[in-house]
Each structure stands twice: as C-alpha cells, then as structure tokens.
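Asker: Next come the chains, spelled out residue by residue.
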Amino acid sequence: MDFSYTVYILLIPLALFLILGFGSKKIKPAISGWIGSLGLGIAFILSYYTAFQYFTHGKVNDVYQTFVYKYTWISFTDKLHIDMGVLIDPISVMMLVVVSTISFMVHLYSRGYMKGDDGYTRFFAFLGLFSFSMFGLVLATNIFQMYIFWELVGVSSFLLIGYYYTKPSAVSAAKKAFIVTRFADLGFLLGILLLSYFTGTFDFQVLNDPEGAIITQGVAQSFMGLSVITWALMMIFIGGAGKSAMFPLHIWLPDAMEGPTPVSALIHAATMVVAGVYLVARMFPLFYFSDDGFALQLVAYVGGFSSLFAAIIALTQYDIKRVLAFSTMSQIGYMMLALGVSKYEGHEGLGYMASMFHLFTHAMFKALLFLGAGSVIHAIHSNDMRDMGNLKKYMPVTHVVFLIAALSISGFPGFAGFFSKDEILAAAFENNMLLYIIGVFVAGLTAFYMFRLYFNIFWGKETKYDHTPHESPASMTIPMIFLAFMSIFAGYIHFSEYISADRMPFEAHLDITLAIVATTVGLIGIVLAYIFYKKPTNLADKMVAAFGSFYQWTYRKFYIDEIYMFVTKKIIFARMAAPMAWFDKNVVDATMIGIGNSTVKTSEKIKGIQSGKFQDYAMSFIGGAVVIAIIVFYIWTK
Amino acid sequence: MERIVFYILALIIVVFAIASVSSRKILRAVIYLLFVLMGISGIYFMVDYSFLGAIQLAVYGGGVIVLFIFSVLLVHHVELELEVTPLRKKLIAGAVVLTGLGISLWAILTFPFQQAAAGRTIEVSDIGHKLLSVDAGGFILPFEVISVLLFAVMIGAIVIAKGKKLNK
Amino acid sequence: MIEGISIYEILTLSTVVFFIGVYGFFTRENLITILMSIELILNASALNFVVINTYLYPDFLQGTVFSIFIIAMAAAETALAIAIIINLYKLVNSVEVKDTDTLKY
Amino acid sequence: MDILTLFVVVPVLTVFALIFTKDLKQSRVVALIGMAVQLAMSINLVFAYLKERAVNDSIMLFTKDAMWFETFNIHYSIGVDAISVLMILLTSTVVFAGIFISWKINDLPKEFFISLIILSTGVFGFFISLDMFTMFVFYEIAVIPMYLLIGIWGSGPKEDSAMKLTLMLMGASALLSVGIFGIYFNSGADGGPLTFNILEIAQVNIPLEAQKLFFPLVFVGFAVLGALFPFHTWSPSGHASAPTAVSMLHAGVLMKLGGYGVFRIAMYLLPEGALHWNDFFLVLAAIGVVYGGMGAIMQKDLKYINAYASVSHLGLVLFALLMINKVSWTGAIIQSLSHGLLTALFFALIGMVYGRTHTRDIAKLGGLMKILPFIGAVYVITGLAYLGLPGFSGFVAEMNIFVGAFQHDDTFRRVLTVLVVSSIVVTAVYILRMIGKIMMGPLEYPKGVEMPTAAWYEKVGLAILMIPVVMIGVMPFGVTEMIKESIQPFLERLL
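Chains as they are written, first to last, in the working numbering: chain W, 1 to 638; chain H, 1001 to 1168; chain C, 2001 to 2105; chain B, 3001 to 3495.
Derived from the structure by calculation, the hints contain no laboratory data.
Check the hints yourself; a few may be wrong.
Claimed, not checked - Below, a list of computed lysine to aspartate or glutamate pairs in the EDC-like style, where the Cα atoms sit at most 20 Å apart:
| id | chain 1 | residue 1 | chain 2 | residue 2 |
| --- | --- | --- | --- | --- |
| 1 | W | Lys585 | B | Asp3160 |
| 2 | B | Lys3370 | W | Asp118 |
| 3 | H | Lys1090 | W | Asp387 |
| 4 | W | Lys601 | B | Asp3160 |
| 5 | B | Lys3370 | W | Glu345 |
| 6 | H | Lys1089 | C | Glu2003 |
| 7 | W | Lys343 | W | Glu497 |
| 8 | C | Lys2098 | W | Asp616 |
| 9 | W | Lys59 | W | Asp502 |
| 10 | W | Lys613 | C | Glu2029 |
| 11 | W | Lys613 | H | Glu1083 |
| 12 | B | Lys3326 | W | Asp78 |
| 13 | W | Lys70 | B | Glu3481 |
| 14 | H | Lys1090 | C | Glu2029 |
Claimed, not checked - Chain W is faced by these chain H residues, among others (derived, beta-carbon under 10 Å):
| id | residue |
| --- | --- |
| 15 | Thr1099 |
| 16 | Gly1100 |
| 17 | Gly1102 |
Stated by the list, open to error - Cβ pair distances, simulated, as ranges:
| id | chain 1 | residue 1 | chain 2 | residue 2 | range |
| --- | --- | --- | --- | --- | --- |
| 18 | B | Asp3409 | W | Gly596 | 37 to 45 Å |
| 19 | B | Asp3361 | W | Thr463 | 44 to 52 Å |
| 20 | W | Ser4 | B | His3276 | 51 to 59 Å |
Where is the CB? At the ideal position from N, CA and C, for every residue including glycine.
All chains should be modelled from the sequences, with the hints used to inform the complete structure.
Answerer: Given below as structure tokens:
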C-alpha cells in the first residue's frame, strides 16, 4: 500500500494558511470562508479515504503495519537527525479522521459564526495553520517532529485565543496559554534531549519497537532508582500534561475560552488538548516497558486526579464555556487514566483501546457541545448561564443536538459516550480499583454538571432577552447535525478491531455489570440535575449553603490560578527578575560606569600636576633627576 | 691666611646667596646677588685667575646687576614687597634641593680627585691666544659664535624691549 | 690654587650655591628674581669649570675659556630676558609668574 | 581584483561616491546602489564558494596574501570558509535592509550613510581576514564610526551611551590587542618566524602556559562585543540611543564579530587555553543567557527589552561555542545568523513604531495592530520567531545548540544545559509581554501623532530580513551541511 498521498492532508491546510494569510486584505470574506472549507473538505475526504484504505488493507498477518515516508530535515550527528515525514499507523489514521472531521465541521460552522467579523479571513488563515500543525503532529514520524508541530500547535492556539486581540482578557488568556504550555514544553524538550542522548534516536519506530534494543535491554544509567528512560518519559509527559491541561498545568484551559467558540471546539475540546493523550499513546510501548510502567502509573494517577478535580470545579461554574472547558479537562483525565491502567498484549490492552475510543467519541460530542454553546452565545451574546433559560422554544435544533451530546457525554446507553466510557471503566476495574471508583464517581458528576448546564440553558424560567433569540443559520446547524449523528453512532464502531496496544485486533465485549453500575450512576446525576434545575427551585442554593466554604473553594477553582499568580508575580518577577534588573543597573552597570567615573575623577585630581608653571616642571624634573641619581648610586655602590 | 680669606668669602657667598633668594624686597635681593657675584670673583682672584675675576666684576657687577636694577626700577616700586611663596611649596622645594645637595655632595666628597701639582700662572695673553687660535684645540669658532650671539642679543633686546605699548 | 684649601671645599661651595640658586628658581614668584636665581646657578657652574681646571688640569685652559663663554652667555641671556620681561610688563602690567598663565590648561 | 577584496573596495568606492552627493535623495540612492552590489556579490560568493568547495578541500578558499608591513610580518591575508561566507551574506543583507529603514533620515543624510558604510567596510574586512593584525585593524574600523553614529544621530542620552559603548569596546580592544600580540610573540615557538597568520599559527604548538595566559584576554576581548555577562552593559544603553539602522547593524552584525572572533582566534589558536578556561566561561555564558532574559522581563523600553534579549541570545552563542562539539557549534553559527536577522528585524520594527509614536515606553503603547496591520503582523511573526518557533531560524539554531550541549556526559554541562534550555520559557514571557502590550489589547498611543501604515520602503526592508529567517527555518539542511564541513578543522584542534 502506498500512503504517501497523506502528505497532501498536511500540505493543503498549509497552503490555505499561506494563501489566506498573505491575501488577508485582498480576499473577500465570503470567498475566504469557501476556500478554507473547500480545502479542509478535501483533507477530510482524503483522511476518510486513508482510514478506509488502511483499515481494510493495512494488515499483514493480522498485525497492522506502519508506513513511513520521510526525509532528513536536520541532521545533528550520524545517529540523531530530525526527519520530516508522515507515519501511518492505526492511531495516526484515527487522529487524522478526528482532526479532519472536527476541523472541517468547524470551518463550515465558522462561516456562519464569524460572519461580519473584521478579521474573517485572518481567522480562516489561522484555522488553516492550526489544522496544518495538528496534522503534522499526528503524522509525526519522530519525537522531534512531533515537538516541532507541538510548538506550532501552541502558537496557532495562541493566535486563535488572542483572535480578539483588542480585548485585554483575550490577550492575557493567549499569553497564559502560550507560556504555561511553553513551560510544559520545556519538560518535553528536556525529556527529548535525555531520551535521545541515551537511546541515540528520535525515531518512534525504533523507540517503540517492543523487540528492539531500547526496550529489551534498557539503558544502563539510572537516577534515584529509576532508569533514565523513565525520567525522560516523565519529562515528556509533563509536555503532554501541559497541552492536555492535566493538573497542575490546566490553568490555561478555562481562560482559553476567551477565543472564538469554534476555536474552542476545534482546539480546546477535540484536537489539540488530546495531543498529550496521543503523545502517551504514541510512545505507549516505551511507557509500558520501562521500569515496569512506572511512568505509566504516573500518567494514570495524574489523569484520574485531574478528571475528578475538574469535574468538581465544573459543578460550580456559570460560564457555559468554562463548564465545558473543565469537562474537557475531566474527560481527558479519563483518557489518561485509561492509558495508564492499560497493559500491552491482546485483551489486556483494553485501556489503550478504550482511551483512543474515548478520544474519538469525545472529540465528536465535545465539539458538538461547544458548537452548540457557540450557537447559544451567538444568539444571546452572553456566556453566562444565568442569562439563559427556556431557550428550547427559540432554538429547537440547537436544543436537540445539545441534548444528544449531553446524553452522549453522560454515558447514556446507546450513545457513543456510553460505549467508550464503559471500556475505560472496564479497563480500570481490571487493574486498579481506586481509579475505577474515581472513574465511576466522575461519571456521575459529569452527568450532573452536563445536565445542570443543559437545564439551565434550555429549560428553567425564561429570562428577558434584549432581542428575541433565533435559531442559527444552516451553515451552523448542518455541522452540528453531522456531529450529533457521529455522537450517537461513533460508539458502534468496533474499535478493538482497529486499535490496540500491540496492533493486533482483539474482541472487546460490553461488560454488562459494569455498564449497569456506570449507567445507574450517570442516571442518578441526570435525575439530580433534573430535580435541581428543571424548574426554578432553591434546592441548588441550599446545596451551596450546605457545602459552604468548600463551594467557595470550588467556585474559585481551588485557587490554583492565584497560586500561580503568586509564584510568577511575587516570586519570579518580584523576587528574581526585579532584583536581577536592579543588580544589573546598580551593580554591573554601576561598576562599569564607576570605572569610567573614577578615571575622570582621578584625572581631575592629577591634572594640576600639568600646571603650566615652568617652576613646577623644573621642580619635578630636578626631583626626578635626584631620585634617579639616588637609584643609580644605590645600584652603583651595591 | 688664605684659608681664612677663603672661608670668609665662602661665608659671604653662601649667606648672601640665601639672602638673595629669600629676601622679600627685590632691590635688596639684587644687591645681595651683587655681593655673591663679587665673592665669586674674589675666589677667581684667589686661584690666580685675575682676568676671569676682572671679567666677572665687569660683566656681572658692572653690567648684569645694573640691568637688573634698571629693570627692577622700571617695573616695580622700590619698596614693593614680593609675594610670599606658599610654605608648602617652599618645603617641597627645600626637600628636593636638600636631597639633591646631599647626593651631589656625597658624590663629590667620595670621588677621589687626582689633584695635580701647582701649574703655571695663566696669563691674559694665553687666554687671548687660545681664544683666537685656529689650531687644534683653539676656540676661534665658539668665540665668533659668541660674538654673533651677543650682537644678535643686542638687537633682539632693543627690538623686544621697545615693543608696542598696548595698554594705553 | 689656594693654600690649604682642597678642591673638595671649593666644590662644596659651588654645589651649595648651585642648589641655593635652584631653590630660588623653584620658590620665587617674580620673573626678575627667578632670573637672578639663574644667575646664581650659572655662576656656580662657572666656578666649577675654573676650579676643576685649576686643581686638576692646571696646564690646560679649557675651563677658563668656558667660564668666559658662560659669562658672556649669561650676560646675553640676562639682557634678552629682561627685554622680554619689560615687554611682558607692558603687556600684562605684571611680572609675577601667576599672572602669566594664559597657556595654562 | 579578486572576489574577496571587492567586498572592501565596493563600500570604499561607495563612500567616495557619497562624498559628491548633495541631498538625502541622492545619497540614499548611491548608498542603496553600493549595498545592492554588495548584496549581489555576497549571494554570488555563496555560489562561488559552493562551486569551489566541491573541488578544493583546504580550510580556506579564495585565499590571497600580500605583504603589508614587513618588519612585523603583517600580511593582507584573506580567505573564506562557509562561516565567513554566511556572515558576509548576513552583513550585506542587514546593511541593505538598513538603508531602506533609513530611507527618511533627514539629519545629515550624507554623513550618516558614509559612517554606516565605513562601519560595514570594517565588518566585511573583518570577516575576510586571515591575518590577526589585519583583522584587528578592520575590527577597530568597525567599532569607531559607531561613536559618531550614536553620538550624532542617536536619541535620548546619546553622548553618554556612545561614550560608554565606545569606551567599553575600546577597553575590550586593549585586552584583545594584548592577547593578539601574546599569540604573535609565541607563534615562533616551533622555530618558525613570528607571524600573525591564523592558519600558520594553527600549525604551531604554542606553549601551554602562554595559552592559559592569553586565552582569557582574547576571549574576553571578543566576548565583550558579544555581550558576555558581566560586560554587557554597554549594549542596552547603546542600542537604546542608537538610530534604527545602527541598532540593526550593531546588534545584527557587529555583535557577531565577538562570537566569530572567539571561534576563529581564541578557540582555534589557543585550544589548550580554551579547554583550561572552559568551565569558567561556560558558567558566565550560561548566567548571561538566563540573566539577559530575566533582565528583559523587567524592562519598559522596547529597545532595552531587545537589547537584553540580545544578551540572552548571544550568551547562547558563546555557550554553544564553549560546549565544543560539532552540533552545538553548528548551532552557534546558525544562532549568530538567526539572531542577526531577527534582532535587526526587531530594531527595524521598533524604529518604525518609535518613528510614528515618538515613544518606546511600552506602558504608553497598546493595540497598535489595529492601525498598523502590516507592522503589527510582522512584529508578531518576528516575536514568535525570536522565541524559537519552528519554521524560523531561531528554532533550528536553538535545537542544534541544545542537542549539541546535551551530548556531553558530565553532570556539570548537563546542569548548565538544563539551565540554558529553561531560557526558552523566559524568552516566551518577555516576548509575549511586549507583543501583548504594544500590539494587542486596547488601542493606546500618544495623542496628536500621525500613524501612517507601513511605507513601501519599510515593507521592503522588513521583507529582505524576513526572507532568510524563513529560509533557514524551513530548509536548514543546506546551511547546516555547509557549516558542518567548515567547522571540522576547527573542532579537531580542540578534541
């Protein structure tokens, strides 16, 4: 099979970016929207074609093969070189499908959503740049290529969050997102340096080969009881955690909601934020085999904690996009958890499959949720759920698709989220009871906050609106309907036939017992939300009062932002940078100036010697002669 | 006898030299200088260089000192007191001079001079011959140079001193 | 040659006069007195020429001749210097060293 | 006339032509023509070099040697390798762009262009010289017009800054000259004649003691120009006061002479000295990297930010050079090129902002993207390139340096490398702070100033600089291969 055409999936969005970016002044908005959508449409079709080709013909001896097309971009040493190219294997193909689907839908949707905006063309240019970077990240053949596109993704995210660049909150959110992820990328980069130094390669295929020397023999050096590779992997995971908004590097994600809503749907829900999950999945064999999966344990616990943490915060937020943002964080934690509890071979690799499965379904319903939220925001120009109510009357389509997505994420039987979540819980149940319990609890919480959101927006009492809300145009509803379709039916794909840790298809069954438990918990959540929020009641306020300060803590997102602000402003800026600037001005520079000034002062002092009085000169002359005479006589008589 | 005369002369020379460089009245200083010059001419006479002593008296005592006196009278009131030199400067100068004196005397007094036996008395004619001699060791050329110099100085002194009066 | 007086004593005398002249040259503030100090210095050196001629090389005349030249030079120099001083006096109405500092830094 | 000497002759001829010009219009056209020829020659030189390199594998190509001062065996000795070729190309690019940026200089335009071109003459001469003494002479030619350029055409406390800059660089020159003479007088250690020729000295085993003594002198002498901590303080004030084109040329090119000199003279001729002093200077360079970044965070003046950023980025060059391996050296050279272009871009942009608003205080500016879309966009792109975004030259350079530096086995170098790598976060902080404040956010600028959008000459100037940045960033392989080949003989001396 030849998959080299996949490179066009990469190049089309780049071309879009260049065309729209350079022509942003000349191309008319209507045309640029069409150009963007058309380009992504082609990428979309190519991706589905690739998926079809690969999953039907990509197997040899029942094992999915890897196809690599690359050339050397920079070579450092004989062994270490950065290649650019495409790598086709099950997870990259799956990601291609995810990214191209969501990106295409968002392009279509944005044509309606962004209509009339000043930077319409610029917006599509940035979307093109993002799609290019994300495809590049997905198709990376080696860890350094991944890092390169990882950075590019970060930058496109920066540009898109800061799209409304005159809004100070958007600018600071963009900066925050970039700097926090950059900080995480520092870990990533150091991990790469460490890993590449000890293994002598960047290449995923060499690194991940379970029969290869790196995994079977390991590396001799160890540090604090763990092999260097484990350390490197943990550092790399910091990078992944930064992009995927895992605790404690999640602080940028809620703020990132300052960007236009389609961007949140594309970048901060479906694609970029799962890059961390993809990274761990990409290096799964290495994670799994080095030091008996120590790094993987870390992934599992970070994921589990983040999912719980974010779910709790999501309960109390009023900004609908922020609720969705924390929900995203929580669901990504789920995926991390699934990866972390996974094993390698056959059915034991259920977690790996489940994680990818959930990534896939989550992308669909979360993007849909965001697009739905965007549709609502578009209609009433507010993000706050307290400004909304009874919108089902005005926005029937949005209401239905939103409900589908909410049911899907809550794990309602028959919807996509149900299947993927069930696999995750099954994997956790088999391997780690604690994480299983967290998972189940989070499932309940998810159902609750999702329906809190849903009821608050579409039910409840009708708020007074400045102008009557109206349903969004077809350009926005059609993509939502498509995603709603996916949110239901994506769950029926037999993922285990396509994706598994060891590349061999296996049979995964629905575990009825676990499914019943999870469903019950989910239903309890929904019912509670129904009781609380379906009709205006004061139950919610009573709950708030009952939890007291814990509610406050949750509402303020456990003050993590404040801690960060304290560390950066008070410690790094005030205690490090400012003293350094002071030091530079008053010590280093002052020393240099002092040398200059003391020269001037000395010369002021001694210029009197050159008095212009011949008597003084004569005196110096005779004095000098006398001194010389003394010296000469002294030497002479010695 | 001669020793005593020499010491008296030496005393006069040194005392008046000091007085000459430290007196605050300029005319007195000039007169003290005259005594010094005369004392030195006395020493010339004592070493039997009568011609030289005579020149010393004539040129210095008769010419130079008169010039000084004239110039002093031209530019000063007779009773004008000179400005006092700052003590610091005096001390530094004194230190330099004393050190220099010390090292010079030490050099002179430790140097073993080979004193020759008494020679013949120098006649004026000898000097005249020597000055105008064109043989090896003759001084005709410097002599002529000096005479030209003196002539030039004469003209120069007139030209300069005549000058143009600028401050009316 | 002076009976009972060695060259050392006369040289000592001339050295002392020389340094007195130097001292005067250093400390005097008036151009005329400075010139006088120079006369002292010149006389001391002339005396040295003569004495060394007499005591060490009585058969030669060089010392004497040089003394004559020195006296001649001194006279010339004095004449010229005094001319300059007088001219300067016309110009700045002073012969003090401190007033002639136009070229000082 | 051979291909290299022309690089000195053409600017000199341009200067002569400039003397006869009358006003701004004439002088800028003459300067532009002269520098366009220079740029064309530089591009031609790259191809000529590649062609010649294919058949000739000596260290230096196009060598030429003429006796200049026989008593001390000083030659006019020239030759280039890939590094000098690239540096020459960088210089002519920056100077050419600088003339566009100074298109509207109204104050003594003729004299301005003359000084600028004399300065560039020195730089070109420096890069082609193989004789230490000739090199030193050209170095001084490059440093001295700077005083006039800042002192006359500068802004703010210009006399002060010019004085500080010149004095510190002269102080460095003093150290440097002692070092160079030290090398010279030891160049006969193997019995040959004393010589200033770099290639000849490289054949001599200079005594170890002399190497230990003279290495710090030569290193510091050059590194002051490369803004080595703690000798960097001339750079912020100097840059802040200098006119735009001069800042560009100075930060973009002149500061590169430091790294180049360290590479070409200090480390090549005194290898054992370099190894002896390695750790000490490595620490200084690493401090400089982080320190410059931290300093940049706290600055309020745009030019100061950029100047401290330069301290940080050039610290990286010295750091990479001291890491002594092929990869990091390649990184150092690319970083020199990349920083040269990017910092020139930054100064050009700052100059444009300053020219319109008459302030460089970031507190007084905001949201300029709205009214200056072109400048704003280029500003953002430059900022992103500066903080090491893939696709631009900075990324290639930094990755080479980091990967190279990490190839050392000892903990000391590892720790320093980690420290230096962490500067990428610091860089992001100050760049984004600057961009976020002045280009984004609510519109804010001093009242009553005109804000015309970018003129054609400004656009051309920026484009000239931006093109190579992107070229190196997207297609680094050609450049890295070229450099790697050329550093091999230099590296062998140190291994």
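Asker: With reference to the structure, classify each hint as holding or not holding.
Answerer: Comparing the hints with the structure gives:
{"no.": "1", "hint": "Lys585(W) with Asp3160(B)", "verdict": "holds (15 Å)"}
{"no.": "2", "hint": "Lys3370(B) with Asp118(W)", "verdict": "holds (10 Å)"}
{"no.": "3", "hint": "Lys1090(H) with Asp387(W)", "verdict": "violated (98 Å)"}
{"no.": "4", "hint": "Lys601(W) with Asp3160(B)", "verdict": "holds (16 Å)"}
{"no.": "5", "hint": "Lys3370(B) with Glu345(W)", "verdict": "violated (56 Å)"}
{"no.": "6", "hint": "Lys1089(H) with Glu2003(C)", "verdict": "violated (41 Å)"}
{"no.": "7", "hint": "Lys343(W) with Glu497(W)", "verdict": "holds (17 Å)"}
{"no.": "8", "hint": "Lys2098(C) with Asp616(W)", "verdict": "holds (12 Å)"}
{"no.": "9", "hint": "Lys59(W) with Asp502(W)", "verdict": "holds (13 Å)"}
{"no.": "10", "hint": "Lys613(W) with Glu2029(C)", "verdict": "holds (10 Å)"}
{"no.": "11", "hint": "Lys613(W) with Glu1083(H)", "verdict": "holds (16 Å)"}
{"no.": "12", "hint": "Lys3326(B) with Asp78(W)", "verdict": "holds (11 Å)"}
{"no.": "13", "hint": "Lys70(W) with Glu3481(B)", "verdict": "holds (19 Å)"}
{"no.": "14", "hint": "Lys1090(H) with Glu2029(C)", "verdict": "holds (11 Å)"}
{"no.": "15", "hint": "Thr1099", "verdict": "holds (5 Å)"}
{"no.": "16", "hint": "Gly1100", "verdict": "holds (5 Å)"}
{"no.": "17", "hint": "Gly1102", "verdict": "holds (9 Å)"}
{"no.": "18", "hint": "Asp3409(B) with Gly596(W): 37 to 45 Å", "verdict": "holds (44 Å)"}
{"no.": "19", "hint": "Asp3361(B) with Thr463(W): 44 to 52 Å", "verdict": "holds (45 Å)"}
{"no.": "20", "hint": "Ser4(W) with His3276(B): 51 to 59 Å", "verdict": "holds (53 Å)"}
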